[in-house]
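Note that the protein sequences, when read in sequence, are chains A and B. Just so you know, we're using the numbering used here here: the first sequence kicks off at 98 and counts up by one. Just so you know, we're using the numbering used here here: the second sequence kicks off at 2 and counts up by one.
For the record, the hints were derived by calculation from the structure and aren't laboratory data. Be aware that one or more of the hints could be misleading.
Said to hold, decoys possible - Straight-line C-alpha distance at most 25 Å; calculated SDA-like pairs for lysine to any residue:
hint: 1; chain 1: B; residue 1: Lys267; chain 2: A; residue 2: Leu100
hint: 2; chain 1: A; residue 1: Lys172; chain 2: A; residue 2: Ile111
hint: 3; chain 1: A; residue 1: Lys179; chain 2: B; residue 2: Phe288
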Amino acid sequence: MELLAPFILLTSFILLIQNKIYSMISTFIWQSTFLAIVIFSQALKTPGMEFYISFILFILIKIIFIPYILYFFVKKLNLHCKISNLKYPIVVLFSSVILTLFCYEFVAPLFNIMPNINNILIAMLIILLGILLLITNNNAVSYVIGFLSIENGIFFATLVITKGMPVIVEIGIAFDILIAVTLFGVLFMQIHRSIDSLDVNEMNLLREDIE
Amino acid sequence: MIWAITLVQTLLFIIIAPLFTGIVKWTKCKLQNRNAPSILQPYFNLNKLFRKEVLIATTTSSIFKFAPYIIFSINVFICMTVPLFFVSVFMGRVIDVIVIMGLFSLARFFLTLSGMDTGTAFGGMGASREMLISTFAEPVLLIIFFALSMVTMSTNLTMIIKYAVFHNLWLQPSIMLLAFSFILVTLAETGRVPVDNPATHLELTMIHEAMILEYSGRYLALIEWAAQIKLLLYAVLFFNLFFPLGIAQDLNWIDISFSILILILKLMAFIIAICVSESGLAKLRLFRAPYLLNLSFILGLFAVLMHIIIEVR
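Could you put together the complete structure from these sequences and hints?
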């Protein structure tokens, strides 16, 4: 876990500067893969089948099903050659480094009290970087990826803090995400049909009261 | 005894460098299904250039004449300070990584100066591009070396390598990130594909070739040889700083021959990696190159942060 946590964080950083949707999805797959390896290493360490079940669920949903659905929609809505209008990716990256420093300052007083606080710090950073991704992008597909990477961060936090959740909770969350992504897909189709694009800024055109 | 080893290492650096470039070219040709020149071709080129007469433009000053000697001798001097297969070098006590970086930039300074000295448009253009790239590359190198010295608590190459071997340092995440960042800087500094193309003379794309366009004869040979040595130096620095597995620490024949064998394998891996990446990637637009280097800067910064967050407890 000590070894892989920075790489999960690194994929979060890379997600921020990707400007093509396909490469964004594949970066998300990488992030989920690293997280899956972390889950597997936890499964090897602890007795019982729970971690194996959550490992298999995680792989089925985060690495196979959700990317497949996202690829499907991107292909269907002809978004694969769309480039996001992120103007200064380096500014975003620097702001994320500042975010890292902020988190570190926030957590630093606890370093002597709690063990493995650094992993909690990394989980917190993954969540915050997901929120930064939501702020900086204005594409509906990247919203979904930002949302899912926030979810990955929360999942990592649970792994670090509580050594895993009960299986029933995990199954519940997994189905929640499954349904959320399906709903996102339906929403994509609706948005695309009404404004002929997935750029969220263009939704302002639907308002009638602009004088 | 150490001075003898250092001498052998320096000579090896100077002699192997054209062969290294030759193997890179050969592998690249084979990967692209072309007929490859012999791997000894750079030696033939150097031999030919040393025999040819020198033509010097009338507008040039004396800098144009002595710059190649300075560049070549600086590169040879750096060879004396970088461990190749044995961990200590003769001048290791007085010269650390920051001085090595300074020497590299001194060589680059004279190269750009000689590029501008001819007064042609190409020379000035190449010089300004080289300076643009190096403006972004040098802070990255500095932050990589600072991060390394934070981890190993020394800026001395020998100490860094000994510490890295002793603590299995390449398994730490910050060192992996630094290694990745160093690869990107290596590509930019040695003028390989995503930033500069060493094989072209198309005026819009060349950086290194534009500066040395007016050189001929033995001056050109010296500058090309220096560039080949620089490529080898960066490859060896990469492996010795980040994956110093198997480098000889004691002076006996078994260790040293094992170290040389491992080094050859590592360099082969480097060649294959560089050729695959060059065949797969297209050259970046010049104004996109800073993005690449900024990415590697961020990686270096990130490595420092990760070192503070995870490894210092």
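Tested hints:
For the given pair, Lys267/B sits about 24 Å from Leu100/A by alpha-carbon distance, which is consistent with the 25 Å threshold. For the suggested pair Lys172/A and Ile111/A, the alpha carbons sit about 23 Å apart, so the restraint of at most 25 Å is met. As the CA atoms of Lys179/A and Phe288/B are separated by approximately 21 Å, the hinted pair is consistent with the 25 Å bound.
Checked against the numbered hints above, the structure violates none of them.
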